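Engineer: Sequence:
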Amino acid sequence: MLLNFLKTDLYERSGKAISNFNSTLPALQSDLAQQITKDPYVFDFFAITENYNERELEDALVANVTKFLVELGTGFAFMGRQYRLQVGTKEAFIDLLFYNTRIHVYCCIELKTGSFKPEYLGQLGFYVSAVNHQLKTEQDNPTIGLLICRDKDNIEAQYSLEGYNLPLGISEYELSKLIPTEIKSSLPSIEEIESSLEQLSENNEVL
Numbered sequence: 092m093l094l095n096f097l098k099t100d101l102y103e104r105s106g107k108a109i110s111n112f113n114s115t116l117p118a119l120q121s122d123l124a125q126q127i128t129k130d131p132y133v134f135d136f137f138a139i140t141e142n143y144n145e146r147e148l149e150d151a152l153v154a155n156v157t158k159f160l161v162e163l164g165t166g167f168a169f170m171g172r173q174y175r176l177q178v179g180t181k182e183a184f185i186d187l188l189f190y191n192t193r194i195h196v197y198c199c200i201e202l203k204t205g206s207f208k209p210e211y212l213g214q215l216g217f218y219v220s221a222v223n224h225q226l227k228t229e230q231d232n233p234t235i236g237l238l239i240c241r242d243k244d245n246i247e248a249q250y251s252l253e254g255y256n257l258p259l260g261i262s263e264y265e266l267s268k269l270i271p272t273e274i275k276s277s278l279p280s281i282e283e284i285e286s287s288l289e290q291l292s293e294n295n296e297v298l
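Counting in our numbering, the sequence shown runs from 92 upward without gaps.
No wet-lab data here; the hints were simulated from the structure. Everything numeric in this text was worked out from a predicted model, so none of it was measured. Check before you lean on any hint, since a few could be wrong.
Stated by the list, open to error - Computed cross-link-like contacts, EDC-like style, restricted to lysine to aspartate or glutamate with a CA-CA straight-line distance of at most 20 Å:
#  : residue 1 : residue 2
1  : Lys107    : Asp122
2  : Lys208    : Asp242
3  : Lys181    : Glu265
4  : Lys158    : Glu145
5  : Lys158    : Glu247
6  : Lys107    : Glu182
7  : Lys158    : Asp122
8  : Lys107    : Glu229
9  : Lys107    : Glu253
10 : Lys208    : Asp122
11 : Lys227    : Glu247
12 : Lys158    : Glu201
13 : Lys208    : Asp231
14 : Lys107    : Asp231
15 : Lys227    : Asp242
16 : Lys208    : Glu253
17 : Lys208    : Glu182
18 : Lys208    : Glu265
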């Protein structure tokens with residue numbers, strides 16, 4: 092696990108999410124909440140690299156939930172995927188809901204496979220508010236929301252957060268890196284590998 096953290100530059104990523112925690116949470120809780128974030132999150136434990144949608148990304152994370160919890164950090168407990176809440180006459184579904192046992196907070200995570208858009212925060216803020224009303228107890232600290240996008244403009248993200256009084260954070264994620272073009276072009280194709288295997292098989296038969 093230590094080698095994995097070193098490989099993924101854990102120190103450089105820890106606590107780096109863009110957030111409004113310092114203006115929406117008490118000082119001590121704000122610092123603790125910031126510390127449990129990362130930017131970017133590295134999802135290099137499954138094979139998808141391109142041409143996927145949000146549901147497929149969720150599928151992959153849930154299928155590898157143990158490794159996902161390791162990437163999230165110490166203290167996270169998985170509460171559910173597409174977690175259902177009844178809000179008035181309608182249903183709301185949170186992409187991924189976690190509880191952090193170290194700082195005693197619910198954490199709503201929304202996944203977006205594209206670039207950050209300011210309107211995503213409105214949806215996330217709604218989920219955070221709903222969890223505060225329906226799940227949070229007196230022993231829990233205020234719920235936080237984390238939006239994880241494929242990429243973001245940091246200045247746009249920071250400006251967008253200033254309009255919210257709920258604790259929200261924004262991070263990016265990385266998947267397994269594709270083989271660089273210059274290396275990929277020097278690798279044999281599937282057809283070439285199959286041809287070589289056939290030749291080896293024929294030579295063995297002759298021998």
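Engineer: Are the hints correct? Go through all of them and say.
Structural biologist: Evaluation of the provided hints:
Taking the CA atoms of Lys107 and Asp122, the gap is about 12 Å. The hint holds against a cut of 20 Å. The suggested pairing of Lys208 with Asp242 holds, with an alpha-carbon distance near 10 Å, which does not exceed 20 Å. Only pairs whose Cα atoms come within 20 Å are accepted, and Lys181 paired with Glu265 is rejected, the gap being roughly 34 Å. About 19 Å separates the Cα atoms of Lys158 and Glu145, which keeps this hinted pair within 20 Å; it holds.
For the suggested pair Lys158 and Glu247, the alpha carbons sit about 31 Å apart, so the restraint of at most 20 Å is broken. At roughly 33 Å between alpha-carbon atoms, Lys107 and Glu182 are farther apart than 20 Å, so this suggested pair is violated. Our distance criterion of 20 Å between C-alpha atoms is broken by Lys158 and Asp122, whose separation comes to about 25 Å. With a CA separation close to 29 Å, the supplied pair Lys107 and Glu229 exceeds the 20 Å bound.
For the suggested pair Lys107 and Glu253, the alpha carbons sit about 17 Å apart, so the restraint of at most 20 Å is met. The hinted pair formed by Lys208 and Asp122 fails the criterion: a straight-line CA distance of about 26 Å is larger than 20 Å. A hinted pair counts as satisfied when its Cα atoms are at most 20 Å apart, and Lys227 with Glu247 does not qualify at roughly 30 Å. Restraint check for Lys158 and Glu201: satisfied, since their Cα atoms lie roughly 18 Å apart, inside the 20 Å limit.
The hinted pair formed by Lys208 and Asp231 fails the criterion: a straight-line CA distance of about 30 Å is larger than 20 Å. This hinted pair does not check out: Lys107 and Asp231 have alpha carbons roughly 24 Å apart, beyond 20 Å. Restraint check for Lys227 and Asp242: the C-alpha separation of about 31 Å exceeds 20 Å, so the hint is violated. Proximity of Lys208 to Glu253 is assessed by CA-CA distance (about 14 Å); at most 20 Å being required, the pair is judged to hold.
Simply put, Lys208 and Glu182 have alpha-carbon atoms about 23 Å apart, too far for the 20 Å limit, and the pair is violated. In summary, the hint linking Lys208 to Glu265 is supported, as the alpha carbons are separated by about 18 Å, within the 20 Å threshold.
Going down the numbered hints, you'll see the structure goes against 3, 5, 6, 7, 8, 10, 11, 13, 14, 15 and 17, while the others check out.
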